[in-house]
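Student: Residue numbers (this note's numbering), protein chains in the order written: chain A, 1136 to 1250; chain B, 151 to 261.
Any given hint might turn out to be false.
Claimed, not checked - Simulated crosslink set (DSS-like; lysine-lysine; CA at most 30 Å straight-line): (1) A:Lys1138 - A:Lys1205; (2) A:Lys1153 - A:Lys1190; (3) A:Lys1192 - B:Lys204; (4) B:Lys260 - B:Lys204; (5) A:Lys1153 - A:Lys1138; (6) B:Lys204 - B:Lys153; (7) A:Lys1192 - B:Lys260; (8) B:Lys153 - A:Lys1190.
To be verified - Label pairs and their computed distance ranges (CB to CB): (9) B:Tyr163 - A:Lys1188: 32 to 38 Å; (10) A:Lys1138 - B:Ser229: 23 to 29 Å; (11) B:Tyr163 - A:Glu1204: 47 to 53 Å; (12) B:Ser224 - A:Leu1176: 24 to 30 Å; (13) B:Ser258 - A:Lys1205: 38 to 44 Å.
Bear in mind the hints are in silico, worked out from the structure with no lab data behind them.
Built from N, CA and C at the ideal position, the CB exists for glycine as well.
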Amino acid sequence: DVKVTQSSRYLVKRTGEKVFLECVQDMDHENMFWYRQDPGLGLRLIYFSYDVKMKEKGDIPEGYSVSREKKERFSLILESASTNQTSMYLCASSLVASGSTDTQYFGPGTRLTVL
Amino acid sequence: LAKTTQPISMDSYEGQEVNITCSHNNIATNDYITWYQQFPSQGPRFIIQGYKTKVTNEVASLFIPADRKSSTLSLPRVSLSDTAVYYCLVGGGNQGGKLIFGQGTELSVKP
Chain A
1136 DVKVTQSSRY
1146 LVKRTGEKVF
1156 LECVQDMDHE
1166 NMFWYRQDPG
1176 LGLRLIYFSY
1186 DVKMKEKGDI
1196 PEGYSVSREK
1206 KERFSLILES
1216 ASTNQTSMYL
1226 CASSLVASGS
1236 TDTQYFGPGT
1246 RLTVL
Chain B
151 LAKTTQPISM
161 DSYEGQEVNI
171 TCSHNNIATN
181 DYITWYQQFP
191 SQGPRFIIQG
201 YKTKVTNEVA
211 SLFIPADRKS
221 STLSLPRVSL
231 SDTAVYYCLV
241 GGGNQGGKLI
251 FGQGTELSVK
261 P
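Start from the sequences, fold in the hints, and give me the full structure.
Tutor: And the structure:
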């Protein structure tokens, strides 16, 4: 089974802090994604990556950056955390798109609270 | 990317069949239709995917009419453990794996 792990289930940070959220997948997937999930808004895509050192902006990239130095690891960075970034953050991975094989496998999520 | 519309919530009772319909009027030729399930405090989990007609697996069935402008997820004989949020997505065909999640349908199964 594909396994996607996230570094923390719960995280509490203060406004202005730099925050790193780590995601690791063990199935050699090319694609990796970061979403945030908020009540009433569903999942919104922040950034995604097709390959090592490659990244693409999603729908809400403002206030975030990402890093993918190794294929299995995709990091989300909040350069200066703000209270409106309090949310559930979900990481996912998938194989290279080849018709129907775009199943995304999700990690358990990190619930981040910014005080 | 095609936008999807699905009911915000649905209620059902144990043992019933549940059908959740999703509208996707702007679906593109290369788009697939995928459904995910999410339990509280967990990431979404893939349920089923299809392109046209009918797809069935051990968990659910997916019905897609010829015009592909809608699809219906069918859960046979639901149990309390099927209480979750169900997301309908279209895309993936040639968007490099990028999928758009809508608000989903919150299914509540009662005893």
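Student: Determine for every hint whether it applies to the structure shown.
Tutor: Status of each hint after checking the structure:
For the hint linking Lys1138 (chain A) to Lys1205 (chain A), the alpha-carbon distance of about 16 Å falls within 30 Å, and the restraint holds. A distance of roughly 20 Å separates the Cα atoms of Lys1153 (chain A) and Lys1190 (chain A); the hinted pair therefore holds under the 30 Å criterion. Distance hint between Lys1192 (chain A) and Lys204 (chain B) is unfulfilled; the C-alpha atoms sit about 34 Å from each other, more than 30 Å. For a cut-off of 30 Å, the pair hint linking Lys260 (chain B) to Lys204 (chain B) stands: about 28 Å separates their Cα positions.
Distance restraint check for Lys1153 (chain A) and Lys1138 (chain A): the Cα-Cα separation of roughly 27 Å lies within the 30 Å cut-off, and the hinted pair is therefore satisfied. As the CA atoms of Lys204 (chain B) and Lys153 (chain B) are separated by approximately 21 Å, the hinted pair is consistent with the 30 Å bound. Taking the CA atoms of Lys1192 (chain A) and Lys260 (chain B), the gap is near 41 Å; set against the 30 Å cutoff, the hint is violated. Of the pairs offered as hints, the one joining Lys153 (chain B) and Lys1190 (chain A) holds, with about 23 Å between alpha carbons and a cut-off of 30 Å not exceeded.
In this structure, Tyr163 (chain B) and Lys1188 (chain A) break the distance hint of 32 to 38 Å, their C-beta atoms being roughly 52 Å apart. Hint check: Lys1138 (chain A) to Ser229 (chain B), Cβ distance near 26 Å, so the stated range 23 to 29 Å holds. The supplied range of 47 to 53 Å is met by Tyr163 (chain B) and Glu1204 (chain A), whose beta-carbon atoms lie about 51 Å from each other. Against the hinted window of 24 to 30 Å, the Cβ-Cβ separation of Ser224 (chain B) and Leu1176 (chain A) comes to about 27 Å, which satisfies the hint.
For the hinted restraint 38 to 44 Å between Ser258 (chain B) and Lys1205 (chain A), the CB-CB distance of approximately 42 Å keeps it satisfied.
Violated hints, in rising order: 3, 7 and 9; the structure is consistent with all others.
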